[in-house]
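From just these sequences and the hints, can you work out the full model?
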Amino acid sequence: MTPRNKKLSPIIILMADDDEDDRMMTEQAMRKNHLANEIRFVVDGEDLLNYLNRKGKYNSENAPTPDLILLDLNMPKKSGLEALKEVKNDKNLKWIPVIILTTSSAEEDIIKSYNLGVNSFITKPVTFDGLVKVVKEIDNYWFEVVKLPGTNNG
Amino acid sequence: MVAHTNHILFSMEKIISEVRDVENLQRAYLLSANEEFLTKYWGGRERTQNRFDEVRRMMENNVSQQMRLDSLNDMLNKRFDLLDERTRLGIVPVSDTRGIKLVIEGMKEMNKISDLVDRLKKHEQDLLTYRSNKAIDASNNAFIIIAVLTVVTIIIIVTSFAFTLNEFQRRSIYEKRLSESVDNLKQTNENLEQFAYVASHDLQEPLRKIRAFGDLLKADFADTLPAQASDYINRMHNAAERMQILINDLLNFSRASRNVGEYETIVMREKIMNVLDDLEITIKESNAIIDLDLSSEYSVYGNRPQLARLFQNLISNAIKFQKKDSAPKINIIGKHYDPNKNVYGFNLDKYKEYVEIDIIDNGIGFDEQYKDKIFTIFQRLHGRMDFKGTGIGLALCKKIVENHNGFITVKSKQNQGSTFTVILPIKKI
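As you go down the protein sequences, you meet chains G and Z in turn. So for the first sequence, this note's numbering puts the first residue at 1; every next one is plus one. So for the second sequence, this note's numbering puts the first residue at 1; every next one is plus one.
Incorrect hints may appear among the rest.
Reference excerpt, derived from the structure (chain G facing chain Z, CB under 8 Å, subset only) [said to hold, decoys possible]:
1) I11
2) D21
3) M25
4) Q28
5) F121
6) T123
7) T127
8) D129
Taking lysine to any residue pairs in the SDA-like style, the calculated list, with each CA pair at most 25 Å apart, reads [to be verified]:
9) Z/K176 <-> Z/F161
10) G/K124 <-> Z/I245
11) Z/K209 <-> G/Q28
12) G/K124 <-> Z/N238
13) G/K124 <-> G/S79
14) Z/K427 <-> Z/Y263
15) G/K133 <-> Z/L216
16) Z/K108 <-> Z/Y130
17) Z/K218 <-> G/S79
18) G/K6 <-> G/I111
19) Z/K218 <-> G/K6
20) G/K78 <-> Z/A199
21) Z/K341 <-> Z/K428
No lab work stands behind these hints: they were computed from the structure. Quick reminder that beta carbons are idealized off the backbone N, C-alpha and C, glycines included.
The following block contains the structure:
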């Protein structure tokens with residue numbers, strides 16, 4: 001996968017989370033912020049890698065390159081950390097910023113994640129309001145403050 | 001003993017030979033009429049007597065021999081009498097029958113003497129043999145006794161060695177079992193810790209959703225939601241929140257019960273100041289004034305998270321249970337506690353030093369009749385509506401204090417305030 005030209009289309013966020021409620025709430029939080037971003041979902045680590053490698057049910061049509069990955073840790077089949085390792089070790093994928101968004105606040109998880117090359121580690125807020133705020137911060141930081149690949153294309 | 005016997009035998013032989021000498025001397029004189037022989041002859045009886053006395057002395061202890069010696073004495077006297085008679089007769093012709101008669105009588109007597117001396121000698125030898133045998137027996141006995149004692153000693157040594165070895169084996173089996181038990185306990189503890197963590201985590205998850213969707217409901221339908229519906233949602237929300245706090249408290253209580261965590265030397269003043277830092281927001285919101293009078297000299301051997309939890313609970317209680325429209329004023333005082341004076345009646349080690357930390361508040365206080373009840377888990381003195389709380393806080397404090405080999409107690413007056421006292425053993429740096 002190579003970075004898309006941001007100038008041509010809105011931001012695509014790919015979220016990997018096995019929990020339906022969490023997926024729904026994150027989408028809601030984005031709506032609350034009136035963000036123009038497009039959010040797509042995968043349900044576990046295996047699904048995520050299939051998407052990124054355009055395998056199985058995924059192809060270049062239905063799996064556009066994401067600009068940011070939101071990754072949960074506790075998922076069945078392939079866990080967040082296992083998926084993270086694969087992404088950051090793949091020269092075609094390692095450029096994609098990965099933010100871990102998880103309920104865990106364990107020091108152990110934080111260290112392991114950064115050691116594997118995660119870009120940010122965020123603990124899911126307890127309240128919905130908190131989630132709305134965090135989503136806004138992510139949007140502001142990663143898409144306003146920070147420069148991502150593909151911004152200057154075209 | 002042998003030498004003694006030989007001496008006796010020799011001396012007795014000497015008696016015989018003395019007598020025979022005397023006989024020879026007599027014969028020599030009678031044949032030669034040489035006065036020299038005569039003189040020597042007369043000395044013979046005395047010499048023989050001396051020999052005899054010597055033998056007598058050597059056989060002092062033997063009654064039967066003494067009796068034989070008495071007979072011998074008589075015989076010797078008789079022999080000498082006969083000899084003397086013949087000697088006094090002097091040189092006479094062979095036809096003189098008196099001389100021959102004396103000689104023949106003398107010879108008979110001499111035979112008797114000889115026989116008696118043989119018997120005496122035999123007896124001495126028998127005695128020697130008897131005594132030698134006895135000595136041999138005794139020495140055999142001694143040998144047997146020594147042999148038996150040696151065997152017994154060896155048996156004792158071997159037996160004690162066997163016992164000691166057995167004891168070592170038993171000890172090492174016990175040690176192994178103990179070590180296995182400890183390992184098992186560690187494993188169980190780890191399992192429990194994991195279970196508790198996972199359970200609390202997984203239990204928190206749905207509660208989080210309940211609260212979040214409650215929030216969403218209110219946010220999305222704020223305009224159309226009737227007040228009653230809003231109220232229901234709030235109650236649900238609060239219930240879920242209470243459950244989350246309860247799960248956390250239970251997890252902490254479980255941890256404190258199992259006394260997990262590392263122990264180290266901790267300066268009390270530092271620890272309490274950290275807790276006050278953590279409670280900064282609560283303190284500001286309640287306008288609480290907190291006065292800390294605790295020297296840095298006091299250190300305890302403890303577990304950081306547990307001690308933090310202990311004082312956090314006590315201080316936040318002091319802030320929470322406040323009179324309406326009144327700002328909390330809390331004094332935290334530390335001082336030496338003398339176990340000998342034992343003001344609070346605890347079972348303390350009289351040889352250790354203790355620090356007493358009092359947390360004094362001016363809050364609502366309570367009736368002292370409940371002072372033991374409040375340290376019991378889930379016991380509350382107020383309804384949920386009056387003061388928030390799960391009823392675990394003080395039970396947890398008590399558990400933590402016990403883990404640190406200390407004591408906790410409270411004094412209180414309703415509407416005036418309470419003083420919670422924590423006593424902990426001092427760790428000298």
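Here is how each hint holds up against the structure:
1. I11: Constraint on G/I11 not satisfied, violated at 24 Å.
2. D21: holds (5 Å)
3. M25: holds (6 Å)
4. Q28: holds (6 Å)
5. F121: violated (17 Å)
6. T123: With Cβ-Cβ at 12 Å, over 8 Å, it is violated.
7. T127: Because about 6 Å separates G/T127 from the closest Cβ in chain Z, which is inside the 8 Å limit, the hint holds.
8. D129: Nearest chain Z Cβ about 6 Å off; hint holds.
9. Z/K176 <-> Z/F161: holds (22 Å)
10. G/K124 <-> Z/I245: Holds, at about 18 Å.
11. Z/K209 <-> G/Q28: holds (14 Å)
12. G/K124 <-> Z/N238: holds (20 Å)
13. G/K124 <-> G/S79: holds (17 Å)
14. Z/K427 <-> Z/Y263: holds (12 Å)
15. G/K133 <-> Z/L216: holds (14 Å)
16. Z/K108 <-> Z/Y130: violated (32 Å)
17. Z/K218 <-> G/S79: Between Z/K218 and G/S79 the Cα gap is close to 34 Å, so the pair fails against 25 Å, i.e. violated.
18. G/K6 <-> G/I111: With a Cα-Cα distance of about 32 Å, the restraint between G/K6 and G/I111 is violated, given a limit of 25 Å.
19. Z/K218 <-> G/K6: Given that 25 Å is the threshold and the Cα spacing comes to 36 Å, the pair is violated.
20. G/K78 <-> Z/A199: Status holds; Cα separation ~22 Å.
21. Z/K341 <-> Z/K428: Status holds; Cα separation ~21 Å.
Taken one by one, the earlier hints fail for this structure at numbers 1, 5, 6, 16, 17, 18, 19, listed in ascending order.
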